[in-house]
Amino acid sequence: MGSTVRYPRKSVGSEGGRKMIVRHSALFLVLCLGIAAEALVAPASAQAQSGQWVVRRTADGHPDLQGNWSNATLTPLQRPRGQALVLSAEEVARIEQGRESVVIERAGASDPDREAPPAGGTNPICIDGAMTCYNDVFIDPGTRVAIVNGEPRSSLVTMPANGRVPPLTAEARQRREESQEFNGQFGLYDHPEVRPVAERCFVSFGSNAGPPMLPNGWYNNNYTIVQTAGHVLIMAEMVHDARIIRIGDGPRLPSHMRPWLGDSWGHWEGDVLVVETTNLHPLQSYTSKSMKVIERFSRVAEDALLYEFTIDDPTTYTEPWGGQVPMNALEDELYEYACHEGNYALSNILQGARYEERVDAQDLN
Amino acid sequence: MKMSTRVIYATLAAGAVAVLLYAVPAVAHHAFGAEFDPDAPIRLQGTVVRVEWVNPHSWIHIEVDNDDGTRQVWMVEGGTPNVLQRRGLRRECLPIGTELIVDGYQAKDHSLPRANGRDVTFTDGTKFFLGSSGTGAPGDGAEDRSRTGGPGRC
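Protein chains in written order, with my numbering: chain A, 11 to 375; chain R, 5 to 158.
Everything labelled a hint here was simulated from the structure, so no lab data went into it.
Here are some chain R residues pointing at chain A (derived, C-beta under 7 angstroms):
hint	residue
1	Phe36
2	Asp43
3	Ala111
Glycine included, C-beta positions come from ideal geometry on N, C-alpha and C.
Next comes chain R alone, as it looks inside the complex (with noise of 0.2 angstroms):
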């Protein structure tokens, strides 16, 4: 499609629009519900062949058996990787090979194999940001992580 003056202007007045509604703090970068189908939920179980650690979202590739004996590759979104650098988890931490079971929603075009990572967990369900022997909760610093070990608790 060809872009316009009209849009142009369009977008323009979208901006004033934008100020005028703003009332509370930006909640993404994105609007989720234009990027994923509400009514197209799934769960994936897969080995990581790829990750790439980029801005504005992670994306982790993991392959998938299909129920007809065919394998493919899923593209599943994260969140920033900004907040896992900071938390101490590097690409390396989620190595190649690993198992990974995701929930989200599939990408609004079916044809493409993507979805969010709504939860992204080990197979036995463990999240991937290690758990601690603190609280559990992320950045407790209860423990040095540089010795917890394994995927995804470098």
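Chain A extracted, bound-state conformation (with noise of 0.2 angstroms):
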């Protein structure tokens, strides 16, 4: 393996360099608003006279956590097997350069005698696999490698050593085996309640939304954090989620009520915030009823954070596992993202399958 390649750190995401008008949902206002009210932030002291960056903080003295900021990155959540850590130098330019070129590629002028694209494929995302589903006009999902301590990584997930996620349970397996027989009484496309959440816009794609918060691969990979003494605001850009973080050690919420963002709770360690979420909603994508996420946020530079997380459900994964996400100062504003709104797809899928079960009969008759 070669050398190691450190960094000047460098924020993602402005690429537009362009600022927006922030659209919030009127509840999101609310939120905002009346937490706003309790943020005081202490002046403005990023400073120190030693020139030295010294974090900044809110008027009750915790580091101040508040911005927009967003996760986007080249780097998977799961390692290649046999792949280091830590990324060297020929590596980091092979994976980000590699990209560029392909967006570079992807940028320049198609045919304009093209014909239509190749029927069938094998890609069951976007069929031909030659291409995205669109074409890198709509696609944003960053530049660079994950940067965590200097270090350029080459995956997200760093716990266990291996950078991969533990095998299941054998009770889990079993879950599953149960969940997939149950399934199979219905059809794919027989209900929209049966559609994956991300397709109804219930919430975030993957596990954008969180917890764990972890970058979707496309797009979007954007955050807003509001803090007060006695709360912690997080807003996700997918699918315009937020979640409320409480302060301090309060009665936690019975297992039966599962919020799509779970039940957060958070205390400072020193200057670090560590939350505690439980009572994760069945349909979220890391989900269990014994499951605990564990984050810690830092703010380790003006313009970053870093995001660290571990899973703990020893009825679901062999052992804890989790990892560590650079969290980079997006200079762009949040925008809205009113799913439900356009959603054609979901009626698009399912007149799609009325339609296919027509022509089936159609064929029999």
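Mind docking these for me? Both chains are given alone in their own frames, and the hints should help you get the complex.
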């Protein structure tokens, strides 16, 4: 393995460089205004007399985590087998330049006399695999690998040490088999209720809103954090999900109450905000009745947070696992993601299934 | 179709399966192959009559000349408008009357004039996010986009 590279920190997600109008929902505005009234930020003193960066603090003395952040990255969740945690300079160049060359290639002009794309194909998501579902005009997965403590990383998962999500327990495998058997009674397109929650515009992409909050690999990996002494609010751009973390140690929700983003409580351990979330909704990306997600938020630079997470669920995974995800300052604002209002996709999917049923019935006759 | 309790349970069970199978970041808002027919590739050329700058996907309506002399409006699905907004592109950058070429796949319901816009270009083949004086890649910041002008280049 070659030498590693340490970067000067560089923000991501500023590619547009253009401020946008923030259009929050009425509910979110109320939440923000209510919390903002409480948020008295200490006078800016990020630059100490010595010239060393000093963390900005809120009036109650804790590090100020507020702002707009992006966790877009080219680093995958899981590490390719045999890969070291820290990438070499050559590997970083290959990944980042590889992505850049793809973007440049796809940004180039297409043949105006091109025919329709090939029929069939094997890619279940984008059909032919030659291009993405849409040309790169619409895609923004990030341009750089994840940098943590100055190290370019090969995976977001850092625990266990192999960077892989650990195997499922026998109990979890049994649950999966039972679920598959149960779901086998229904067609994939029988009802909107059997479609994935992201397709139904309920919550994020994958685990974008979390917890844990992970990049989706496609676009809009952006967050706004608003902080007071008593609450921290995290809004994920996908799908305009706002999680309110209570600071302190109050009563947890009863087991049967499971909000989309779980029941989150936080406390400060020195300069680190530690958040424990339970009661995750059964349709979330990572969930089980006994799952607990621990998150740690650290302001590590004026333009960066370090986000760390651990998933503890002995009924599902053979060991706890977790990772580190850099969240870099986003120079733009978040834009409203009013998913329900324009969701033609769900009706197209269901209409398509009904159409195919009619065609099949006619063929039988 | 009427929703049943069984369906609710199935949905809950589906969620449990989703978590157990989850290993990589999600890749799309919806299952592409569930909405569009891989055996119905299509090429469209027409003029923009409406642009819906909505999440989760933008939709561009183009009017196309049919072989029989009639005209038909097709709805073409693109990606999320948030990315375009962040790159400085607005709905106004694709004015009514702009002529486009689209290739993609038709919706599974063939009675619907809808398709995905796998590759959406102007008639000279250029992408509508604006080429630049730099790499040509989206968001390379190589020029002041407000000065570029022209459809798709504002």
